[in-house]
Amino acid sequence: MNQIWQSYKVAIIAMLVALGALLSSVIVVPESEQVVIVQTGNPVRVYNQFRPKVPYGQTDAGVHFRIPFVETVQRIDKRVRDLDMQPQQVLSTDQLRLEVDAFARYRIIDPKRMVRTVGSTENVEAQLSPIFSSVVRQELGRRSFASLLTAERGNTMHNIRDKLDAEAREYGAQVLDVRIKRADLPQGSPLQSAFARMQSAREQEAATTKATGLRDAQIIRAEADAQAAKIYADSFGKDPQFYDFYRAMQSYDTTFGSTESESSIILSPDNEYLRQFRGNR
Amino acid sequence: MERMGGLFDRIALAMAGKNPWGGSGGADGGNGNDGEGGDTPAGDGGKQPDQPGDRSRGPRNPWLPGGGNGEEPRRSASIEDIFKTRGPEGPRRRPGGPGGPNFRLPPAPGGRSWMPLAVTGVVGLWLAFSMVHQLGPKEQGVVTTFGKYSSTIGSGISLTLPWPIQDVHVEQVSEIRIFQIPEGDAEKLMLTGDQNLVNLSYLVRWSIKDLKQYRFQLAEPENTVREVAEAAMRASVAEEPLDSVFSGEGRSNIETNVRRRMQEVLDAYRSGVQIHGVEIRKTDPPSEVEEAFKAVSAAQQEAETYKNQAEAAAQQVLARAQGDAAAFDKVYEQYRLAPEVTRRRMYYETMERVLSRTDKTIVEANGVTPYLPLPEIKKRAAPVAKPAGGQ
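Respectively, the protein sequence lines represent chains B and Z. So that you can map any letter, position 281 of the first sequence is 770 in this note's numbering, and since no number is skipped, the others follow by simple counting. So that you can map any letter, position 38 of the second sequence is 47 in this note's numbering, and since no number is skipped, the others follow by simple counting.
Some hints here could point you the wrong way.
What the hints assert, rightly or not - A few chain Z residues that don't get close to chain B, going by computed Cβ distances all over 10 Å:
| no. | residue |
| --- | --- |
| 1 | L168 |
| 2 | L198 |
| 3 | G202 |
| 4 | N205 |
| 5 | S210 |
| 6 | L212 |
| 7 | N262 |
| 8 | Q272 |
| 9 | L327 |
| 10 | Q331 |
Claimed, not checked - Under the rule of at most 30 Å between Cα atoms (straight-line distance), these lysine-lysine pairs were calculated in the DSS-like manner:
| no. | chain 1 | residue 1 | chain 2 | residue 2 |
| --- | --- | --- | --- | --- |
| 11 | Z | K147 | Z | K197 |
| 12 | Z | K197 | B | K670 |
| 13 | Z | K291 | B | K727 |
| 14 | Z | K218 | B | K670 |
| 15 | B | K601 | B | K542 |
| 16 | Z | K316 | B | K719 |
| 17 | B | K699 | Z | K316 |
| 18 | B | K670 | Z | K291 |
| 19 | Z | K303 | B | K699 |
| 20 | B | K699 | Z | K339 |
These aren't lab readings, by the way, just hints derived from the structure by calculation. As the structure is a prediction and not an experimental result, all values here were calculated from the model. Using N, Cα and C, we set each Cβ at its ideal position, and we do this for glycine too.
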């Protein structure tokens, strides 16, 4: 080994230098990156720039070359990235507070412009983030609390996206989508009052339910009584006199026939029952 | 010891071709004294490998130029020897077991160096690992050539070019992945359409539909799926009133809506993600107002109880009425056949029953004071007796 080194020292060094030069002039561009070649601070070329219609495999990714030392390489994410907003308190037109957490999806579509304006994706995010917050506040602040929650949400989101997109274009970025991740009542009094409202609504419901139950029960009983009365009337009305007698007999049975209380009956000999007692007069 | 020394020589030569630190083995072979190499850091021991005894012991290293073995100009202390004698491993010396600091491979067959074999092995392994890809049934891989997408390989064995040229990224594709929001049992409050709060947790089942999109389109695909799920769920819950969120139908509406929304958004991102389903695991009232909700269901139960009791009572009343009426009708039927006799009979039977169970006193005539056993009865009897007496 040493022998080879000794003999071909110059050649080996030359080869290593050549290899180094080749390696430093070759750029491997993966599908997920766009590469900007910067020459003395000036972006001159872009490899694998995002084009919406080009399918993977036919893009500009792969091996590219640059002039070492003269041209520097800046790699920029080509993929759709997440721009997260700090949770914001939004005051709706009806003076209700809502804590909103939204996200935007964006991608760099003009890397040259991005390199010129801000330099890196981190800076794009840092610059867009406050714009995002203020656009969200502005747009949502124009709506009533109820409309924030429901159908108008889609429309609002489109407005926010368009506004943010207009700003993002300045940085060579495109905003694909803005969505509200969370819309909550802020901690503290708004949340507590919502709980109180829910609680009172439920208490009212409970009281109403109970009262309705009692009312229904009463009606059921009354209906049964009425029907029973009709049954009695239909039956007994056929001969009220006989009913009087029949019922009296039952009543005597119940009143005097019970063995529980000891009762005494004093009868006059004139009593109808004792009529035969005297024998035929 | 002598045999080991020779072994060491050959391996030392084989390993390094020319040992850059000087032929330590030669020193051993020459006089069997390990210490000598270490004692001569200036490198004068370098001549010793050329001793005839050394050369005759085994086949020469074929990589070395013939005879040039000992004539090299660079000499230095044998570090191995220094370690052997003075280093921390010194006392163990060569007889140390395999795995010790001085372990050496046995000579290759034919006495040649291990070097070509080792290099071939490493290269072979590298090629085998980076060219042959075996994918499981659920897996797919994207093949990139210098970073550029070339193809997608499915399950089974596939061949690609070796690593720096082509790279394969393998992902479980058809596997249905599940995540839950929120993780664990934390409370997650969402606003409903009627501005109430509901504590909701749900599962999302998804898989990769298009691996190359999944791989290249989104910076954080999994995170994106989660965030989209969160946004879609909140939007859908905000469309339904609280009671509907609790009801089965409302829940299934929400599930369908969320799934549709997620798929739309993810397709718009061209994320290559397929949403298989969204399942709401539970919908609860917030813990702060749970008691009030329980009170409502208690009230519902109570109302139901009232009604049931009323129903029962009503049934009793009706049954009683029907029974009484039916009994009267039966008797009346008989009565109509023979009114007077039936009437009499009933009268006597009732009197029998009544009077047989009571104490009876019969007052015979006017002016006779009846004997009554108890004063209370006397009192009570008086008004009864009077009209009797009056007759």
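Mind listing which of the numbered hints don't hold for this structure, in increasing order? 2, 3, 4, 9, 10, 11, 13, 20
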